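Whenever a hint applies, use it, and build me the whole structure from the sequences.
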Amino acid sequence: MSDRAGIGETPLAVEHEERPELRHHFADVEQQRNAATLGMWWFLGTEIMFFGGMFCAYLVYRRWYFPEFAASSRSLDLIVGTLNTAVLICSSLTVAMSVRAAQLGKRKLQVQLLLATIFFGLVFLGVKAYEWDNKYKEHHIPTFSFNAQDLIKDNQKLFGLDKLQNDPAKLQEREAEIQRRSQIFFSLYFALTGMHAIHMVIGVGIFAVITWMAHKGRFTPEYHTPLEIAGLYWHFVDIVWIYLFPLLYLIDRRPGA
Amino acid sequence: MATAVVTTERKNYLNAEYGIRSWLLTTDHKRIALLYLLSITFFFFIGGFFALLIRLELLTPAGDLLTADTYNKAFTMHGQIMVFFFLIPSIPAVLGNFLIPMMIGAKDLAFPRINLLSWYIYIVAGILYLHCLVSGGVDTGWTFYTPYSSLFSNTHVVEAGLAIFIVGFSSILTGLNFVVTIHRMRAPGLTWSRLPLFVWSHYATSIIMLLGTPVIAITLVLVVLERTLNLGIFDASRGGDPVLFQHLFWFYSHPAVYIMILPSMAVMSEIIPCFSRKRVFGYTFVAMSSIAIAAIGFLVWAHHMFVAGISLYSALVFSFLSFLVAVPSAVKVFNWTATMYKGSVSFSTPMLYAMGFIGLFTIGGLTGLFLATLGVDVHLHDTYFVIAHFHYVMVGGAVMGYLGGMHFWWPKISGRMYPEGWGRLAALIVFIGFNLTFFPQFLVGYLGMPRRYWQYPPEYQVYNVLSTAGASILAVGYLLPMVYLLWSLRYGKPAPDNPWQATGLEWRTASPPPTFNFDETPEVTWEAYEYETMPLPDEVTLER
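Residue numbers (this note's numbering), protein chains in the order written: chain A, 1 to 257; chain B, 1 to 544.
Since the hints were made in silico from the structure, they are not lab data.
These numbers were taken from a predicted model, which means no experiment stands behind them.
Do not take every clue at face value.
Computed list of lysine to any residue pairs in SDA-like fashion (alpha-carbon distance at most 25 Å, straight line) [said to hold, decoys possible]:
| no. | chain 1 | residue 1 | chain 2 | residue 2 |
| --- | --- | --- | --- | --- |
| 1 | A | Lys153 | A | Asp133 |
| 2 | B | Lys342 | B | Pro537 |
| 3 | A | Lys157 | B | Arg238 |
| 4 | A | Lys135 | B | Leu229 |
| 5 | B | Lys493 | B | Leu38 |
| 6 | A | Lys137 | B | Thr228 |
| 7 | A | Lys153 | B | Arg238 |
| 8 | B | Lys11 | A | Arg23 |
| 9 | A | Lys170 | B | Gly239 |
| 10 | A | Lys137 | B | Asn230 |
| 11 | B | Lys278 | B | Met340 |
| 12 | A | Lys157 | B | Gly239 |
Partner residues are not named here, just some residues of chain A that face chain B (Cβ under 10 Å, in silico) [what the hints assert, rightly or not]:
| no. | residue |
| --- | --- |
| 13 | His25 |
| 14 | Phe51 |
| 15 | Cys56 |
| 16 | Trp64 |
Anything over 10 Å on all C-beta distances counts as not near chain B; from chain A, calculated [to be verified]:
| no. | residue |
| --- | --- |
| 17 | Gly45 |
| 18 | Cys90 |
| 19 | Arg180 |
| 20 | Val201 |
| 21 | Gly205 |
| 22 | Tyr243 |
Where a beta carbon is used, it is the ideal one built from N, C-alpha and C, also for glycine.
Structure follows, in structure tokens:
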């Protein structure tokens with residue numbers, strides 16, 4: 001078996017004297033690194049399931065209430081969303097480069113790249129806050145004086161309201177329905193982006209610690225496991241956004257649809 | 001006896017350090033297991049107290065002891081405490097925590113500090129739940145079904161939901177620790193095909209913990225958001241879907257049943273070969289059936305929802321898949337029985353629990369098939385038949401396994417032998433009390449008594465009286481081991497390293513083990529369960 005426990009021939013005592021980062025219950029550094037990495041991968045598996053619950057709800061309602069989802073999606077700011085996606089991808093790039101810098105033993109570069117990562121992360125969160133604030137001003141926060149009138153006005157054809165002009169009772173009923181169903185979209189929008197933002201905040205916290213460790217010179221070309229597994233986490237949070245962006249912003253952007 | 005003197009003088013994990021700090025800040029998996037043992041025992045008695053209230057109320061047809069509202073709270077908190085604070089952590093966090101590193105020849109779990117963290121998370125969640133309990137409790141049923149939980153209930157749903165959200169992370173971290181440990185920390189020579197089946201079963205359990213628990217976490221978050229921020233995701237009046245909640249809830253909570261039963265099966269696979277003095281029959285099949293249960297267990301959840309308005313075709317598929325999951329469960333039962341066949345069986349306490357388990361789990365499993373049958377389920381849904389079915393699996397299965405395992409490894413954990421006569425007596429009392437409590441519930445459920453009511457028509461009384469009488473006997477059966485196990489800590493005979501002449505690495509070290517389990521890392525050159533080459537247990541040692 002490939003992952004047979006990797007206890008080598010070396011007597012334990014000798015190994016432990018040589019490597020200060022080696023914890024007592026591991027036989028060697030290799031085994032310790034493998035354990036940490038596998039642990040993080042499994043943890044990311046649990047994270048997929050965590051977001052999976054919300055993605056599942058999204059899937060169901062998007063299929064049921066497609067026009068409302070499409071119209072609500074159009075009310076999100078495409079340009080700001082795209083720029084924010086770019087910012088996040090840059091932050092993942094700097095993480096990957098900082099791991100490389102650690103492998104090459106370039107401490108100063110490592111710290112600079114990590115600071116850039118934190119900076120990009122904070123920019124992302126700031127922009128997100130700006131977008132949420134816009135939604136607040138547009139009365140698009142569910143139940144807090146939520147109002148879908150602007151969606152109704154901009155998407156007459158999509159909602160089939162143009163065909164109901166001669167039937168005020170039906171028109172009113174349909175508008176109330178749109179009001180209810182678009183709230184489901186925004187409930188999911190805030191739940192998903194909110195949960196993602198919480199993960200970003202935790203990520204920034206983790207990287208603050210990692211940067212401090214890098215600054216103190218804890219990472220060597222032989223040992224930089226904490227940086228590596230923190231990087232895995234960061235990439236994962238990034239990938240969640242890569243899914244969220246099209247699912248929330250790009251449902252139906254065809255002009256005139 | 002020579003070994004006795006040596007045992008008391010040896011340095012072990014219990015006498016390595018003293019003082020409260022050495023326990024609360026320990027990273028030793030064996031000490032953390034004992035911390036868990038104390039905490040889950042505490043919650044077992046709280047959950048048991050609510051069971052007592054339920055059984056007393058149902059002694060008479062009239063609602064005379066509790067009001068309807070209080071009764072709702074009693075069965076809700078009985079369920080939530082027993083499921084989330086007792087059964088799910090029981091065997092994994094106590095026996096699994098204690099034994100997995102020893103069984104694979106490691107010094108500790110892969111992440112000892114995360115292991116301690118998971119206990120603290122459990123405690124924080126437990127305190128939050130207790131606070132919810134004393135400030136008025138919760139009445140939604142353990143299932144938190146919407147829209148009752150999100151729109152109508154006036155009890156502390158948010159607090160209970162958050163407590164269960166938090167305790168889920170304790171379970172996730174335990175599962176994570178086990179999976180990584182089993183993959184990465186095995187001693188040289190301990191290949192996958194030489195692993196004890198206890199470890200295989202815990203591996204399967206851990207995978208369910210890892211992939212299932214996050215889903216209930218997010219589901220509870222959505223219910224909490226629905227209550228606090230008034231979102232409408234599960235509210236039908238605003239376009240939301242309450243049945244979606246049921247899907248998400250059971251996506252975790254059905255596999256959670258396997259989180260409870262697989263570890264118990266793990267214990268069985270150790271006890272039965274040992275007291276039959278035979279290699280377990282069909283090792284590979286038993287190991288793979290654990291994995292199959294974990295895998296298929298994720299695909300059966302909607303059998304809880306046959307009357308909730310799901311489509312006929314999906315109901316057919318879920319019915320079929322639910323039948324399918326019975327196959328690996330049956331493989332296990334047949335293989336344990338075949339292990340006993342022509343073995344030299346001895347009826348020691350752990351073996352009595354194991355044999356009780358086989359019988360009760362079989363009844364619990366087979367009645368599950370009744371409920372997986374679409375037509376029959378319409379009649380039996382939400383009756384006492386369901387209550388009896390899942391108690392046969394969770395109490396007759398999981399708790400019997402837990403008690404059997406506690407007795408089997410008690411000499412290793414405590415370094416003392418428990419009194420065998422009392423042990424057998426308690427096992428017998430538990431078996432009788434259990435059947436008397438829950439068998440009548442099959443009948444009364446079949447006759448149509450619905451679950452979750454505090455009153456019932458007088459013609460059902462005789463079954464309920466039997467049930468309450470059985471519960472009293474069961475309570476004695478649970479209190480007895482508490483008493484004599486504690487007694488044995490002081491007065492029990494010191495245990496030899498391997499009192500049962502069992503195979504397995506945990507028996508090749510001292511009782512109780514030293515802090516790092518083994519004086520030197522063992523190298524495994526033998527297959528699992530080689531009982532043919534083991535001597536019989538020394539009858540003089542066991543005579544106590």
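Structure-based check of all given hints:
1. A:Lys153 - A:Asp133: Roughly 22 Å separates the two Cα atoms, so the pair holds.
2. B:Lys342 - B:Pro537: Distance ~18 Å between Lys342 of chain B and Pro537 of chain B Cα, so the pair holds.
3. A:Lys157 - B:Arg238: Distance ~23 Å between Lys157 of chain A and Arg238 of chain B Cα, so the pair holds.
4. A:Lys135 - B:Leu229: holds, 16 Å
5. B:Lys493 - B:Leu38: Status holds; Cα separation ~23 Å.
6. A:Lys137 - B:Thr228: holds, 21 Å
7. A:Lys153 - B:Arg238: The hint holds at about 21 Å.
8. B:Lys11 - A:Arg23: holds, 22 Å
9. A:Lys170 - B:Gly239: holds, 17 Å
10. A:Lys137 - B:Asn230: It holds: about 19 Å lies between the C-alpha atoms, which stays within 25 Å.
11. B:Lys278 - B:Met340: Measuring from Cα to Cα gives roughly 8 Å; hence the hint holds.
12. A:Lys157 - B:Gly239: holds, 21 Å
13. His25: holds, 4 Å
14. Phe51: This interface hint holds because 7 Å falls under the 10 Å limit.
15. Cys56: Result: holds, 7 Å to nearest chain B Cβ.
16. Trp64: This hint holds: Trp64 of chain A lies near chain B, its Cβ roughly 8 Å from the closest one there, short of 10 Å.
17. Gly45: violated, 6 Å
18. Cys90: Correct as stated: the minimum Cβ-Cβ distance to chain B is 29 Å, above 10 Å.
19. Arg180: violated, 5 Å
20. Val201: holds, 16 Å
21. Gly205: holds, 16 Å
22. Tyr243: The assertion about Tyr243 of chain A holds, with a minimum of 15 Å to chain B.
In this structure, the earlier hints numbered 17 and 19 are contradicted, and the remaining ones agree with it.
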